[in-house]
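Protein chains in written order, with this note's numbering: chain A, 2 to 243; chain B, 465 to 663.
Possibly wrong hints are sitting among the right ones.
[Unchecked claim] If you only want the chain A side, here are some residues facing chain B, beta carbon under 7 Å, derived:
(1) 30
(2) 31
(3) 75
(4) 76
(5) 82
(6) 85
(7) 87
(8) 88
(9) 91
(10) 94
(11) 105
(12) 111
(13) 192
(14) 195
(15) 198
(16) 207
Treat the hints as calculated values from the structure; they're not laboratory data.
Just so you know, these numbers come straight off a predicted model, no measurement behind them.
Cβ coordinates follow ideal geometry from the N, Cα and C atoms, glycine included.
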Amino acid sequence: MSREKGYTKKNFLKGLFIENPLFVSILGTCPALATTKSVEAAIGMGILFTVVLICSNILVSLLRKIISEEIRTPAYIVIIATFVTIVKMATNAFLPELYSTLGVFISLIVVNCIVLGRAEAYASKNNVFDSLIDALGMGLGYTLALIAMAFFRELLGTGAFSFGKIFTFIPAFKLQIIPKGYEISMFQNPAGAFIVFAIILGVIAFIKNRKDELKLNKAKQERIRKEQEAKLAAAKETGGNQ
Amino acid sequence: MQIFISFILAIISSMLIDNVVLSRFYGICPFLGVSRKVNSSLGMGVAVVFVIILATVICWPLYNFVLVPAGIQFMDTVAYILVIASLVQLVGLFIKKYSPSLYKSLGIYLPLITTNCAVLGVAQSNTDQGLSFLSSLANGIGTSIGFLLIIVAFSCIRVRLESANTPKALKGLPIALFTAAIMAIAFMGLQGLFSGIQL
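Could you build the full structure based on these sequences and the hints that come with them?
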């Protein structure tokens, strides 16, 4: 199979920006709204999600020639559910605080559209290495998106970033940024989650529109310039003939 | 009588106070994806009601009478997702037979009920919290009707939003999310509904 140069890099980076699962494809919104009260919880969720995505992508890619077309989806769901169960039990054993913070949302990674979507759309058609890179990119992109949501929610909602509550192996510290009494606690509530998500999507749409407009303007100017050149050339020709 | 009253109260509380979409964040994907038209959101909501209630009725005995005696409680997620996936197939066949037009309008979203977090979330949290069968059923009914209520209300608003003069950057999803935020604030007002009633 011939492949273009830098495919691996492109494959990895597409999950981060161009095809970001949360902000561009709008998939996996439930945990993105529910587990982003604090940056720490978002990081934890992102890591668990990435682990499940990597494992399922690798296994689906390995089995892609064995699993037949008709039983594809149930087979993928069982594979994903198995890895989620493993991750859940491991979290319960090693990071009980993370387990109790995320609660039922660890189990709900099973029905996260991104994992199933990547298995269907990518891992079932590509080799193991590419699927691994794809999973890494998508997982990292999702984690970064979760952190971005949690950053604003924790900053505006509590006025401080606190670490060490969930990942108990690092010393607990708190970074007060907005003075006490000035925080907007609504951002810790569901309504705040919706608002933060809406604003982020709005900003992305704004940037995209801006880019499209610039591109359109450029194309327009190019066309006008070419037309003028053609006119000039035509005028010259007719001038020469006379 | 006491049992009946607490059953009803549990339904109302999981329907309105702990609303599935606006305060527990289950099922956001169909909530945003299928709410462009009132008809399809109604169909989706009704299908979800079916699936959630059936899944609750099947998953609770499955956990307590099969998984617990066998000592394999850790297999709950795998078992539930299999039950839900087959239920969705069943509901799909049923709708296809009796209402082809609805089947057409739901289109690709019907298989997506499998990946609706609300269904698995309800089944999982029922057994995680160790609820009794009756409370599980109340939770299932309340949650699913709450979902139906919210998705239909939201789609009614969204139909209006389509023709409204919104800023270009906010068109589509962002303005819908702002609407959802306002709805969430409205539902926060119901938080203290039962504080005066002794359960």
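Results for each hint:
1. 30: holds, 4 Å
2. 31: With Cβ-Cβ at 5 Å, under 7 Å, it holds.
3. 75: Residue 75/A check passes; min Cβ-Cβ to chain B is 6 Å, inside 7 Å.
4. 76: violated, 11 Å
5. 82: holds, 4 Å
6. 85: holds, 6 Å
7. 87: Since the shortest Cβ distance to chain B is 9 Å, the answer is violated.
8. 88: violated, 10 Å
9. 91: violated, 11 Å
10. 94: violated, 12 Å
11. 105: holds, 5 Å
12. 111: OK, holds: residue 111/A within 7 Å of chain B, min 5 Å.
13. 192: This hint holds: residue 192/A lies near chain B, its Cβ roughly 4 Å from the closest one there, short of 7 Å.
14. 195: holds, 4 Å
15. 198: holds, 5 Å
16. 207: Check passed: Cβ of residue 207/A comes within 4 Å of chain B, closer than 7 Å.
Against the hints set out earlier in the document, violations occur for numbers 4, 7, 8, 9 and 10.
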